[in-house]
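Line by line, the protein sequences give chains E and U.
Each residue of the first sequence is one higher than the last, beginning at 1 in our numbering.
Each residue of the second sequence is one higher than the last, beginning at 1 in our numbering.
Warning: the hint list may mix true and false statements.
[To be verified] Below, a list of computed lysine to aspartate or glutamate pairs in the EDC-like style, where the Cα atoms sit at most 20 Å apart:
hint, chain 1, residue 1, chain 2, residue 2
1, U, 118, E, 82
2, E, 39, U, 252
3, E, 319, E, 92
4, U, 118, E, 89
5, E, 319, U, 37
6, U, 431, E, 375
7, U, 431, E, 419
8, U, 431, E, 93
9, E, 39, U, 86
10, U, 118, E, 93
11, E, 39, U, 15
12, E, 39, U, 78
Read the hints as simulated data drawn from the structure, not as lab findings.
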Amino acid sequence: MIEELLELARRRLEPGDGADALERRVERTSVAFEWGRLKAAGVTEEAGVNVRVLHRGRVGVAGTTAVGGDGVAAQHAAPLLDRALASAELGEEIALAFPAPAKLPRVATHGARAADASLARLIEIGSFLLERLAREGCQVNVAIEREVADTRVANTAGAQGSYRTTGVAVSADVWRIAGDDVLAIGDTIESTDLPSEDALAGVVRSITSRLDHALRIVAPSEGALPVVFTPAGLSAVLLPVTQGLSGKAVLQGISPLATRVGEQVFDQRLSLTDDPLVPGRTASRPLDDECVPSRATCLVERGVVQRFIYDLETAARAKSASTGHGQRGIFGKPVPAYTNIIVGDARVPGPGSRVPGELGGGLLKGIKDGLLVDDLIGVGQGNVIGGAFSHPVALAYRIERGEIAGRVKDAAVAGNVYELLKRIAGLGNDARWAGARFTPSLLLEGVSVARR
Amino acid sequence: MIDRLTAALTASRADYTEIRVEQSWGSVVTMRGRRLESATASEDQGGFVRALNRGSGWGTASFTSLDQLAAMVARADELSRAVRLERPIQLAPVPPQQAEGILDLDGDVRGVPLADKKRLIEAYNGAMLAVSDRIVDTLATYRDEVTEYWYVNSEGTVLHELRPEVTLSGTAVARRDGTIEKGLESIGLRRGWHSVQDKAAGFRATAERAVQLLDAPTVTGGTYPVVLDPELAGVFIHEAFGHLSEADFVYENPQAREMMTLGRRFGKPVLNVGDNGAASGLRGTLPFDDEGTPTQDTALIREGILVGRLHSRETAAAMNERPTGNARAISFRHPPIVRMTNTYIANGRGPFADLIRDLKLGVYACGAFGGQTMLENFSFTAAYGHMIRDGQVAELVKDVVLAGNLFQTLDRIDHIAGDFRWNQMGGGCGKGGQFPLPVTEGAPHVRIEEALIGGDVPSPA
Chain E
1 MIEELLELAR RRLEPGDGAD ALERRVERTS VAFEWGRLKA AGVTEEAGVN
51 VRVLHRGRVG VAGTTAVGGD GVAAQHAAPL LDRALASAEL GEEIALAFPA
101 PAKLPRVATH GARAADASLA RLIEIGSFLL ERLAREGCQV NVAIEREVAD
151 TRVANTAGAQ GSYRTTGVAV SADVWRIAGD DVLAIGDTIE STDLPSEDAL
201 AGVVRSITSR LDHALRIVAP SEGALPVVFT PAGLSAVLLP VTQGLSGKAV
251 LQGISPLATR VGEQVFDQRL SLTDDPLVPG RTASRPLDDE CVPSRATCLV
301 ERGVVQRFIY DLETAARAKS ASTGHGQRGI FGKPVPAYTN IIVGDARVPG
351 PGSRVPGELG GGLLKGIKDG LLVDDLIGVG QGNVIGGAFS HPVALAYRIE
401 RGEIAGRVKD AAVAGNVYEL LKRIAGLGND ARWAGARFTP SLLLEGVSVA
451 RR
Chain U
1 MIDRLTAALT ASRADYTEIR VEQSWGSVVT MRGRRLESAT ASEDQGGFVR
51 ALNRGSGWGT ASFTSLDQLA AMVARADELS RAVRLERPIQ LAPVPPQQAE
101 GILDLDGDVR GVPLADKKRL IEAYNGAMLA VSDRIVDTLA TYRDEVTEYW
151 YVNSEGTVLH ELRPEVTLSG TAVARRDGTI EKGLESIGLR RGWHSVQDKA
201 AGFRATAERA VQLLDAPTVT GGTYPVVLDP ELAGVFIHEA FGHLSEADFV
251 YENPQAREMM TLGRRFGKPV LNVGDNGAAS GLRGTLPFDD EGTPTQDTAL
301 IREGILVGRL HSRETAAAMN ERPTGNARAI SFRHPPIVRM TNTYIANGRG
351 PFADLIRDLK LGVYACGAFG GQTMLENFSF TAAYGHMIRD GQVAELVKDV
401 VLAGNLFQTL DRIDHIAGDF RWNQMGGGCG KGGQFPLPVT EGAPHVRIEE
451 ALIGGDVPSP A
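Next comes chain E alone, as it looks inside the complex (with noise of 0.2 Å):
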């Protein structure tokens, strides 16, 4: 355990070092189905230590998967450390404080139906959904995950914690290839507990009802349209604001945001906070990776940009506070990153994924002429933080006099979200997680919409 590593630290340092550490066990099992049916069952065993420490005023990180059966065993503490002081005395000077003992906040972050699931019970999830998405001419993939980590961390300075998560995840993806038209339509679930069946057959009806609007290819409208982009098909919009909020950009002087805290940047309605403690989501924990006790952090207010995200070594360079984001994985050193993601009013959602609403999130019915977007081609590529954005459909619809015409193949869209988001046209019904964010559909207007 990591007490015994801290416990050797205070001995080898000097006064006014600090050191912290995390050790984190996890076990999976998954299941896969790979095109119709079941193929193979795995599990996996991990455990690692990744420890800390400010020696001399100057930080150095070291992680192993040495770790033995049970917990740092004294001969693989003694070298861990070794390489953390070495680390450290190449490091940079900083002035960074490790957070004393705190109470910490209580947060539901596993289920043991979960962790007490059965392979058997796990493989019928999966035939559940291959039934139900089988159609003639497609081929189905379906993935089960079923994740068990137990999370340790603690510090010098007293302060410590540690918690049990669970974590099920479900994914499955329909392909139809007719000629040289490849089309793959996909939903994933996830959650702390097992999905229930009504979960399970908005999944169902998630792809099919994406996959009966796409039979029919349509030919898009060119030029400046008011676009619906689907909880999933929101990420290039969203992507340059969420990188633009985390504390290291800023300190990096990359964020075009870095000097607007305070003031009114986007639509009244939208407004974005990022909530470690939200019940039954895998991201939530009591406390982050570096002690800091959870909260939720609202990033921007009804259009306003309120604060950014920070860990404890950017917050000490930027002469502000952490606000409970650090993470860190058993190799490398600490870095702010957003736990759970709430787009629009800050409604804290219920466990569990809701069952989807209509596509579209009842925002067609004023469109004319416009497009739905459900999947860009290449978000996260070239100069994502200047809020520039220009991407190939993977999958999108025609709207056509508030409905859905058919599936559009080969336009592109493209646009800045810092002006589209000055005005939001609509936000839609259908709230939902997609991934680590919840949000409803959006209908931004004058979007950049292209044929090719």
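Here the structure of chain E is known, so what remains is to put chain U in place on it, guided by the hints.
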């Protein structure tokens, strides 16, 4: 170790069992701006067992505690038996291999102090910062790893290898008012310390490019004849075509199989494409894949016709073809899946000048910030570009995004120069949650008769 592994194999009840064990030592030094971000040395170790029984599917177990080896072999067998299959999984035959492979370490990075690695990357980072005060931020990373690798399977294959890897990467961010541009430098080699010396020039050029791009206009979107430089052409063939030639995409999908029928025309006769895991000294090179199959040079497109694909033992058996040595795993945390190695467009003829001589207006797209393929559509962001005017390379342009349909675009490649080169870059390929897999791409300059270039994006706020 080999004795431990063979003993565990003997104890396995499964019809087929394989065990991989890896122990790796790595270090990473990162500079950001004028600061050291971190300098760390890590140790990683673990194993992976895969078992297969008649009438059953794959059972796998991955673990970091080697004390668990025997239990994990039993667990993989159990999991295999829990997966009942109607159509059995077959493995194409590969003769048992016994090999002791010590790749050229070229200055074993494990013997170099962390402080020397810091000095090296500090110098390259300094070369970027010194270019101009417009360079507001840099990120420079030195990364190395040596992996000791053991592989045994129940058919008698026993492999032991020492695999080195070293990569350098640099990002230079130039800024003037609201305009931000960047340049990327990346070097990746399956070698050691000696091979990453004297690389400052590339880092300097990258920063200079970022500064020049501040003044460059955005390319006007539209359809042009487009010439790809060897770097972008390599990324293009890997992303847009290479993934479709991975047999796990087609082997159990009748419609995909039809789309990728051998003998189908994919391009004009000038087009030759292959994947060569046995090429000398490249990042994607290894003597054997992670199923113990020897690597080889596999022709994929010959004179425009689809002639081959990349296989694991399972996909080869299912399609009645031969294994090609392309079953790879990024680490003991993952099963081997069908992957590329060193993928290339083969050399054509003549100089670059021949490709642009008769172009009145075109785009010369260079370098790659990234690329993604989704199904038959792709999007690539070039690092920069030049307009081609009246047969000459003209002004620098930015935001060059190449997008299109794979089949149309391959078919529109009409001229390939004779200036082939491998792009020895860092980073790697991602598939099925396994990233980054070391691969290399190679190509000469390639001309596409007509392709869509994105641009015309409203200027940043």
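Evaluation of the provided hints:
no. : hint          : verdict
1   : 118/U / 82/E  : holds, 18 Å
2   : 39/E / 252/U  : holds, 12 Å
3   : 319/E / 92/E  : holds, 16 Å
4   : 118/U / 89/E  : holds, 11 Å
5   : 319/E / 37/U  : holds, 17 Å
6   : 431/U / 375/E : holds, 18 Å
7   : 431/U / 419/E : violated, 34 Å
8   : 431/U / 93/E  : violated, 39 Å
9   : 39/E / 86/U   : holds, 11 Å
10  : 118/U / 93/E  : holds, 16 Å
11  : 39/E / 15/U   : holds, 16 Å
12  : 39/E / 78/U   : holds, 14 Å
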